[in-house]
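Engineer: Just need the whole structure built from these sequences, with the hints factored in.
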Amino acid sequence: MSIKIVCQNKKAYADYFIDETIEAGIVLTGTEVKSLRQGKANLKDSYVIIKDNEAWLLNCHISPYSHGNIFNHDPLRTRKLLLHKKEIERLRGKIQQQGYTLIPLKIYFKGPYVKVEIALARGRKKYEKRDIIKKKEAQREIERALKNK
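Per my numbering, the very first residue in the sequence shown carries number 445; after that it's consecutive.
Everything labelled a hint here was simulated from the structure, so no lab data went into it.
Any given hint could turn out to be false.
As the list claims (entries may be wrong) - Derived pair list, reagent style DMTMM-like, types lysine to aspartate or glutamate, alpha-carbon separation capped at 20 Å: (1) K559 - E467; (2) K550 - E467; (3) K484 - E561; (4) K495 - E533; (5) K454 - D575; (6) K524 - D496; (7) K529 - E464; (8) K524 - E498; (9) K569 - D463; (10) K579 - D459; (11) K538 - E561; (12) K488 - D459; (13) K538 - D459.
Unchecked claim - DEER-style ranges, computed between Cβ atoms: (14) L520 - K591: 41 to 51 Å; (15) L502 - I449: 16 to 26 Å; (16) T522 - I449: 19 to 29 Å; (17) R566 - F515: 34 to 44 Å; (18) H511 - D459: 27 to 37 Å; (19) K569 - E531: 25 to 35 Å; (20) H511 - Q541: 42 to 52 Å.
By construction, the Cβ of each residue, glycine as well, lies at the ideal position given by its N, Cα and C atoms.
Structural biologist: Structure, rendered in structure tokens:
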């Protein structure tokens with residue numbers, strides 16, 4: 445089964461410690477799927493909440509379909525995620541712990557289906573982000589030095 449990535453939340457890896465990832469389905473309208481096939485989506489500032497034993501994706505921007513008519517979708521509407529009840533209950537328990545949140549990492553096509561990879565994550569502090577940047581720069585310097593020899 446082929447996987448085609450539509451969009452990724454690259455900043456999530458810098459802003460959060462990713463503890464675990466889960467694949468979820470997503471409820472979409474026809475014009476949203478067509479827009480995703482064109483690659484017009486953005487996960488920046490989006491997050492997942494659990495409300496009434498259902499998971500919801502908020503602030504995910506899927507651009508209106510270019511050839512859509514009056515039935516085109518709202519770009520920032522709240523979308524339902526498809527997860528098993530046991531998964532939702534387990535995630536609810538983890539979220540209630542201090543500092544955990546659910547964030548989407550990427551939207552992709554798995555065969556004909558649209559999937560969202562969500563992550564159980566803890567936020568990073570500013571000094572932790574700086575340390576990571578310093579380590580990456582040091583690693584790049586080492587690789588450059590080895591490459592030039």
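Engineer: Determine for every hint whether it applies to the structure shown.
Structural biologist: Evaluated hints:
| no. | hint | in the structure |
| --- | --- | --- |
| 1 | K559 - E467 | 7 Å, holds |
| 2 | K550 - E467 | 10 Å, holds |
| 3 | K484 - E561 | 17 Å, holds |
| 4 | K495 - E533 | 11 Å, holds |
| 5 | K454 - D575 | 18 Å, holds |
| 6 | K524 - D496 | 12 Å, holds |
| 7 | K529 - E464 | 18 Å, holds |
| 8 | K524 - E498 | 7 Å, holds |
| 9 | K569 - D463 | 16 Å, holds |
| 10 | K579 - D459 | 15 Å, holds |
| 11 | K538 - E561 | 17 Å, holds |
| 12 | K488 - D459 | 12 Å, holds |
| 13 | K538 - D459 | 19 Å, holds |
| 14 | L520 - K591: 41 to 51 Å | 45 Å, holds |
| 15 | L502 - I449: 16 to 26 Å | 21 Å, holds |
| 16 | T522 - I449: 19 to 29 Å | 23 Å, holds |
| 17 | R566 - F515: 34 to 44 Å | 40 Å, holds |
| 18 | H511 - D459: 27 to 37 Å | 36 Å, holds |
| 19 | K569 - E531: 25 to 35 Å | 29 Å, holds |
| 20 | H511 - Q541: 42 to 52 Å | 45 Å, holds |
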